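Asks: Sequence:
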Amino acid sequence: MEKDEYHAQIDSIIHSSALLKSIDKMGVGIAITDPTLPDHPLVYVNQGFEKITGYTREEVLMRNCRFLQGEETDKEHLGVIRKAIKEGRSDTVTIKNYRKDGSTFWNQFIISPVIGSEGKPTYFIGLQLDVTKEVEERNASKQKIQQLSYFDPLTELLNMNRFKEIMKSKLEATGSTKKMAAVLRVNLNRFRYINESYGEVTGNEILKQVAERLKNTLADGTPICRSFADDFIIFLSDISDPLQIHEIANNLSDTLKKPYSVFNEEITSGCGMGISLYPDDSQDVTKLLKHAELAMKEAKAESLNGPHYFDYYLMDKLHKRINIEKKLPRAMAEGEFELHYQPKIDTSTLTLTGFEALIRWNDPELGLVPPNNFIPIAEDTGLIVQLGEWVLLEACRTNKKWQDAGLPKLPVSVNVSAVQFKHPQFVHMVQSALEQTGLDPQYLELEVTESLLNTPLFIMEKLDSLQEKGITLSIDDFGTGYSSIYYLKELPLQVLKIDRTFVRETPSSIRDSSLLLSIIQLGKSLGMTVLAEGVETEEQFNFLRDNGCDQIQGYYYSRPLNQMSMEKLLNSDPS
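Each residue of the sequence shown is one higher than the one before, starting from 154 at the first, in the numbering used here.
Calculated from the structure, these hints are not laboratory results. The structure presented is a predicted model; accordingly, all values stated were derived computationally and were not measured. All C-beta atoms in this analysis are idealised placements derived from N, C-alpha and C, irrespective of residue type, glycine included. Treat the hints with care, as some may be off.
Below are the DSS-like pairs computed for lysine-lysine, each with C-alpha atoms no more than 27 Å apart in a straight line [what the hints assert, rightly or not]:
no.	residue 1	residue 2
1	Lys239	Lys273
2	Lys440	Lys553
3	Lys368	Lys440
4	Lys453	Lys470
5	Lys204	Lys253
6	Lys473	Lys443
7	Lys622	Lys575
Beta-carbon label-pair distances, calculated as ranges [what the hints assert, rightly or not]:
no.	residue 1	residue 2	range
8	Lys622	Thr439	50 to 60 Å
9	Lys470	Lys321	26 to 36 Å
10	Asp699	Phe416	44 to 54 Å
11	Ala372	Asp433	52 to 62 Å
12	Glu225	Thr275	26 to 36 Å
13	Lys622	Leu560	20 to 30 Å
14	Asp665	His472	36 to 46 Å
15	Gly269	Lys321	58 to 68 Å
16	Asn476	Ser725	36 to 46 Å
17	Ala293	Ser618	48 to 58 Å
All chains, full assembly: derive it from the sequences and hints.
Replies: Pasting the structure below:
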């Protein structure tokens, strides 16, 4: 049969099918091949095929379809088609093909045989659908999902999971060399205060600026992670000289100290930075991260100016902390806590003006555990609320017992942690303690931490409520929390307690003496009773008395006393 006559016969078969004519009008590509001819050529294509591929009928007839293939055509997908042809059955595949102009398109290709009278395929009909748009949208969606799974959405830095994967890969590569690697863990200072004072939008903007500073300061490709909130991690690898790590860390520290310009505000927030080294500190990803975190927390706790390197004494501290954390609930349940009382003295008359309740923990194994070793842990775990309630009840109960026994009626002061004060039931808890013990509110003084003064709107209502009940309110450790004098003036506080750090070098230090004098004058000008803590020498006492300080407490007069000793002191008090 002549070539033209053959194609005319194929056209006749095609156009006799109403279904195939409808498909032709839909723009779907149709390609028919003849498996009985050498190289399985195309013997028919419709207008849809021409439109999708850019080839005319005359250019493709009697050619094998491989001209639609190229470098990006998936070999596995081609295998699906070849297998269907070989087995004489239908199949579907989405494959990347090439147009005449060299551009690519995604072809959803459906192939099906036409079976002849002998039960063998006489033709294969292929339907072509250009699904490029759909595939690209799906791929874009996959990329977005990958972006979300790999990156922090706010800063576009790596998230922790992806960061760990990269760390592991780079450490494996470094393991075969004699080079070093380092993990730098950075946590912003005062970020919670910034969020509370300026709002979350401002806080987020600062986090974005931190991310930009890190990227601009470090070499391209350096893995940087935002693990949570204001915690950032950097991984340095392929380091030959340890000094290089220190230089990079110092540069980062200096960069992050610079003020952040946010919505026409300049906000300063330094950072704590901890560093762990590979292979010295560990060869394990998780341990390196943990060691850097411990070093960072130490840097923040000690207010260190600059990076702090991990040392194994930090692990000892961590184990001690974990041990205390485990013991605290049991200590509460088994009554291992007791109160000691430190007298407060009038500087003019040397008479008792009151006493401060101080918690002590007698652990069966550890012995006497200092408050500064367990109070921060109690705050972190939330146990401080229960512990603080016990202190309040015990102090009120003991004071009421002493008063009922005819001892002098003096106020007992109780420290209140910021965590405890922020508890929604705090005022109710204080009222309940007074009602349960029968102590008159005028004989209870609550000492609030200075850091609370930075959130005046939050605490004003509670302070007013407590004052209305007749409870005395004092600000503890004044001078260490950077509180505003305006808030000090506006809040209902009656007593200003000067922190011991301002007393320690007085009167030998002219600078410290001037600062102490200024604080005394500030308190007096606000109509507050001024009390100095940590008074240990006669010289300190005389300076404070001569410069108008109303009260003192410290070793100069008395160490904290247990209940029995305090009772004896009250018995001997002439008042």
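Asks: Are the hints correct? Go through all of them and say.
Replies: Hints and how they fare:
no. : hint                        : result
1   : Lys239 - Lys273             : holds, 11 Å
2   : Lys440 - Lys553             : violated, 53 Å
3   : Lys368 - Lys440             : holds, 25 Å
4   : Lys453 - Lys470             : holds, 15 Å
5   : Lys204 - Lys253             : holds, 11 Å
6   : Lys473 - Lys443             : holds, 16 Å
7   : Lys622 - Lys575             : holds, 19 Å
8   : Lys622 - Thr439: 50 to 60 Å : holds, 51 Å
9   : Lys470 - Lys321: 26 to 36 Å : holds, 28 Å
10  : Asp699 - Phe416: 44 to 54 Å : holds, 49 Å
11  : Ala372 - Asp433: 52 to 62 Å : violated, 22 Å
12  : Glu225 - Thr275: 26 to 36 Å : holds, 33 Å
13  : Lys622 - Leu560: 20 to 30 Å : holds, 24 Å
14  : Asp665 - His472: 36 to 46 Å : holds, 38 Å
15  : Gly269 - Lys321: 58 to 68 Å : holds, 60 Å
16  : Asn476 - Ser725: 36 to 46 Å : holds, 41 Å
17  : Ala293 - Ser618: 48 to 58 Å : holds, 57 Å
Hint violations for this structure: numbers 2 and 11, all remaining hints satisfied.
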